[in-house]
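Chemist: Spelled out, the chains give:
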Amino acid sequence: MNLQDFVFYSLAGMTVIASLGVITLRNPVHSALLLVFTFVTSSGLWLLLEAEFLAIALVLVYVGAVMVLFLFVVMMLDINLDQLREGFWKWFPFGAVLALVMAGELAMVLMSKQFGSENISAVVAKSADYSNTKELGRLIYTDYVYAFELSAVILLVAMVAAIAITLRYRTDKKSSNASNQIAVSREKRLRVISMPAEKKD
Amino acid sequence: MDSLQPLFEQLFGSEWGIPLFQLIKNLLLIVAIIVPLLLAVAYLTFAERKIIAYMQVRVGPNRVTFFNIPWLRGWGQPIADAVKAIMKEIIVPTGANKFLFLSAPVLSIGPALAAWAVVPFSPELVLADINAGLLYILAMTSLGVYGVIIAGWASNSKYAFLGAMRSAAQVVSYELAMGFALVCVLMMSSSLNLGDIVAGQQGSSFLNWYLIPLFPMFLVYFISGVAETNRAPFDVAEGESEIVAGFHVDYSGMAFTVFFLAEYANMILVATLTSIMFLGGWLPPVDITPFNLIPGMVWLLLKVAFMLFFFLWFRATFPRYRYDQIMRLGWKIFIPITLVWIVLLGMVMQLPENIRQSFPLNLWFN
Numbered sequence: 001m002n003l004q005d006f007v008f009y010s011l012a013g014m015t016v017i018a019s020l021g022v023i024t025l026r027n028p029v030h031s032a033l034l035l036v037f038t039f040v041t042s043s044g045l046w047l048l049l050e051a052e053f054l055a056i057a058l059v060l061v062y063v064g065a066v067m068v069l070f071l072f073v074v075m076m077l078d079i080n081l082d083q084l085r086e087g088f089w090k091w092f093p094f095g096a097v098l099a100l101v102m103a104g105e106l107a108m109v110l111m112s113k114q115f116g117s118e119n120i121s122a123v124v125a126k127s128a129d130y131s132n133t134k135e136l137g138r139l140i141y142t143d144y145v146y147a148f149e150l151s152a153v154i155l156l157v158a159m160v161a162a163i164a165i166t167l168r169y170r171t172d173k174k175s176s177n178a179s180n181q182i183a184v185s186r187e188k189r190l191r192v193i194s195m196p197a198e199k200k201d
Numbered sequence: 001m002d003s004l005q006p007l008f009e010q011l012f013g014s015e016w017g018i019p020l021f022q023l024i025k026n027l028l029l030i031v032a033i034i035v036p037l038l039l040a041v042a043y044l045t046f047a048e049r050k051i052i053a054y055m056q057v058r059v060g061p062n063r064v065t066f067f068n069i070p071w072l073r074g075w076g077q078p079i080a081d082a083v084k085a086i087m088k089e090i091i092v093p094t095g096a097n098k099f100l101f102l103s104a105p106v107l108s109i110g111p112a113l114a115a116w117a118v119v120p121f122s123p124e125l126v127l128a129d130i131n132a133g134l135l136y137i138l139a140m141t142s143l144g145v146y147g148v149i150i151a152g153w154a155s156n157s158k159y160a161f162l163g164a165m166r167s168a169a170q171v172v173s174y175e176l177a178m179g180f181a182l183v184c185v186l187m188m189s190s191s192l193n194l195g196d197i198v199a200g201q202q203g204s205s206f207l208n209w210y211l212i213p214l215f216p217m218f219l220v221y222f223i224s225g226v227a228e229t230n231r232a233p234f235d236v237a238e239g240e241s242e243i244v245a246g247f248h249v250d251y252s253g254m255a256f257t258v259f260f261l262a263e264y265a266n267m268i269l270v271a272t273l274t275s276i277m278f279l280g281g282w283l284p285p286v287d288i289t290p291f292n293l294i295p296g297m298v299w300l301l302l303k304v305a306f307m308l309f310f311f312l313w314f315r316a317t318f319p320r321y322r323y324d325q326i327m328r329l330g331w332k333i334f335i336p337i338t339l340v341w342i343v344l345l346g347m348v349m350q351l352p353e354n355i356r357q358s359f360p361l362n363l364w365f366n
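Chains E and C, in that order, give the protein sequences.
Going by the working numbering, the first sequence opens with residue 1, and the numbers climb by one from there.
Going by the working numbering, the second sequence opens with residue 1, and the numbers climb by one from there.
Next up, chain E with everything else stripped away, as it sits in the complex (with noise of 0.2 Å):
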């Protein structure tokens, strides 16, 4: 066992551990925070095959961003555990099912010709120069574009429901418009009259 392979097990160990506690503990912020170990577990295991644009862009998006909102939202939620418990074992068997369907799933794929230490070749250690975006960013804008641009018209499209569902104009709200109110000129507010000065009787 040499250093990076200390490296990676204890990453490995704590990805699992972690990853279990997302889905074991009782405290939604918990398991929230818990998956925000997990990224970063996931991410420092990219970096050990090199890959550290992608590793960084774990990072970047997920820790640094989705899991953010994500904690927003968990953090607010005022959550009844015994609420949330009732009716578990009425529903047990139908969920049983489901997470058996799922495992099958998953195990068609995994188990499948395509996965498989044998069917993907080793890493190759490249050179410090070696710039993993450069190659990642060619790849994607020239054998891929097609898929990758379709990927981000879709974020798009959410992205526009997204906002068009929660967009509601009001014509009853008070509140102050920015932009109305630093475009004001003198004008519009103040009128400099000239008027001859008066005298008292």
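Check before you lean on any hint, since a few could be wrong.
These stretches of chain E come out as covered by chain C in the derived footprint (C-beta under 8 Å, 3 or more residues) [as the list claims (entries may be wrong)]:
| hint | segment |
| --- | --- |
| 1 | 53-59 |
| 2 | 62-68 |
| 3 | 147-155 |
For the record, the hints were derived by calculation from the structure and aren't laboratory data.
Every residue, glycine too, gets a C-beta built ideally from N, C-alpha and C.
Go by the hints and put chain C onto chain E.
Modeler: Same frame as chain E, but now just chain C:
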């Protein structure tokens, strides 16, 4: 230092000796960066108090001195403050989640210090010269928000939680504008490596710095940096007159001080990154003899000090933004500006070769 490597190989064998040597060497280098940085943080608090005091026609701290030397009066103040903070009790509120409550300060200062790993101080002087340096910095600065959120939630107090929500929403919003501004920088330099970004600004004078072609991005980045660090005029998270210190309202003693240190460490980081990406890093303003004899690190430190002064100046000058105005500035003004500039920059980069090689453009696109 590398001469010690054979000694490690003898002691621990060739398989473990080299990594162990690298580990210890890197730890020492990290200490060599962190200790001056923390000293700079301590004296930045002093500088802030002094500068704002002079701007408000006061004197500022002028008592604590070293060894009774009269002209050092006031210079002992940061040390005295640190000693005071260490002596104080850390109170954990009833009903607070103790583990998260105490780990929140660590999570807030950790990323602020970790980001320094890729910062180049001079062409040779950088701890980790990695390819994706800029991306790493973005990732690390985006992690800082966890300290805020966890502190607000773990305190089990409505006021702390409200402060955390405000602060986190603000940080997440301005991160976008910041990221887009940096996209322009990396389009100009076509590299994510901070050393290459500075090298791309090399030329005969300051006209080659990215400050000039990317001036709007410089403003967006720096103002977003002020907002990211929750400094005035964007300090609604702290909001002394409204919610009293926001997310760290329940913290006391050293736990509070660590948040404070993280804020100042982030200020220095933003100032350093602004200097590196827009003000030419270690490059002298004019590449002629008296200036280019001065070591690059001195220039970098001068630029950082210059940018830090703006932080303090802003605090003494501007009134606090209202919360909806903060969000409007980030989402409706900064993000459109950056998007337009990215498109413009892309168009300029696609211009024919002979136009890009003619006068103003050949300074930056070569």
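Chemist: Now tell me, hint by hint, if it's right for this structure.
Modeler: Taking the hints in turn, this is what the structure says about them:
1. 53-59: holds (count 4)
2. 62-68: holds (count 4)
3. 147-155: Contact hint for the segment 147-155 of chain E vs chain C: violated, 0 residues under 8 Å.
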